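Trainee: Start from the sequences and build out the full structure, keeping to the hints where you can.
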Amino acid sequence: MIVGLVSQLGARLLASVETLGSALRLGVAGSLEIVRPPWRWAETMKQLEFVGVQSLSIVLITGAFTGGVFALQGYEGFSIFGAEVLTGSTVTLALTRELGPALTAVLVAGRAGSAMAAEIGTMKVTEQVDALESMAVDPVDYLVAPRLVAGTVMVPALAMIFTAIGIVGAYLVGIYVLHIPKGAFIYRIEWYVDPDDCLLGLAKAAVFGFTLALVGCMKGLGVAGGAEGVGRATTEAVVLSSVSILVIDYFLTWWWMT
Amino acid sequence: MDAIRFEGVEKSFGQHHVLRGLDLAIPRGCITMVIGRSGTGKSVMLKHAMGLLRPEKGRIWVGSEEVTALDKRQLRTLRLRFGMVFQHGALFDSMTVRQNVAFPLREHTPLSEAEVQERVRAVLGPVGLLFAIDKMPGELSGGMRKRVALARALVHRPEILLYDEPTTGLDPILTAQVDRLIRDTQDRHPDMTSVVISHDMQATFRIADHVAFLHDGKVLLAGPPGRLETTEDPRVRQFVEGRLDGPIGVE
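Chains as they are written, first to last, in this note's numbering: chain A, 6 to 263; chain B, 526 to 776.
Be careful, since some hints might not be right.
As the list claims (entries may be wrong) - SDA-like, lysine to any residue: derived pairs with alpha carbons at most 20 Å apart:
#	chain 1	residue 1	chain 2	residue 2
1	B	K572	A	D135
2	A	K51	A	M6
3	B	K572	A	V182
4	B	K597	A	P43
Hints in this document: simulated from the structure, not taken from any laboratory. Computed from a predicted structure; not experimentally measured.
Mentor: If you want it as structure tokens, here you go:
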């Protein structure tokens, strides 16, 4: 029984290491193909539009409400010791450093990362990926590289928008629902939030965007076994990229602070 | 010289030993049909010829070039000498028929836009699909998709055209139409070599110039189609006659 447990644990561990290994390999190969000609302008533009422009509405809605709810919660906490004036700066800091990048990335993972896995996976089971290879076109260059670019460029852009609209949401809730004076709400935001915080947020968002695109592509290319396989790959892509984003977030932040 | 030659090729996937010392020469300028039961390694064999898979043992030549000795970049160049028609067409479903057929040209030739369009029309004409040039693959029937796939495989004028079970899943009339198309295509390009993977005996007698019978990863018989009828090999006879009882077990 103990032997069975240990061997099961070992098998799990081996599988995880294998997944990490293939992710790293695909990440390196895909990054090389980004810089190596031929450059896939048309494909890249299509992916930028898909990952970025088409995610805009969910980012706007989620951002506004996240800022709003954070203002509500922050206000309640701070009012216990009469520090309501801190609500604005705290929300802004939290959005810039953490909530903007991480929540945007998780949203895009659910919307675009899953679609990448499903699309590439369907191409795999219908032999379209084989067809690319048979026509001497590298699937990593044609399919993976444009998606990596789109994730890395668009998630920071969306995170910026998320943060900005979140601050607006928090401001509206703060002023019109909680009746914090306008001056107090924006008091010292610029003193609390440094350009470094913005930079950290953007850098993290870029890493998250690369990660979610990489996981989506990897799961798509790894599909075996028809429609069921595509479904499984799509789910796995969302779960794995969301978890990876939050874990990477912790370590990046920890590394930045020490 | 043969178009493609396999010498003692072996390949396994995990525990599954698919090719077990495959020896086969595919002659130039005619249609070779490779027949055999499903799962005997016919598709795997084609993928080896294009260098999409590497054998564990044995050597493969395409013309005078040894595929098994080429590196990744040379393999890319080698693949341009092939055209491949996949079982279900494998058309890119995010592109129109026109974009699908133009794809190999845009990728690998410096042709101008006008020349590309001309070549696309020139291959879609003979398969009777000029009217569908701006349709998406999803709007086409199975038979039409296969004809587009054939046009796409032909557009860059390959030396060798490979068909992976081109008539599987088509009704008898469409099957006859695709068979005719394969024959016509070969007759229009006499320098080209066609390799057709199939388990359709009727088609074999109708269009093949040369046949190879694959069983358990080996070639049991190779020669003109008439050999299929005169052979004494009980395994080939069982397949040709489509009988349940015989040396080939049915699991």
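Trainee: Confirm or reject each hint.
Mentor: Hint check results:
1. B:K572 x A:D135: Given that 20 Å is the threshold and the Cα spacing comes to 10 Å, the pair holds.
2. A:K51 x A:M6: With a Cα-Cα distance of about 53 Å, the restraint between A:K51 and A:M6 is violated, given a limit of 20 Å.
3. B:K572 x A:V182: violated (67 Å)
4. B:K597 x A:P43: holds (16 Å)
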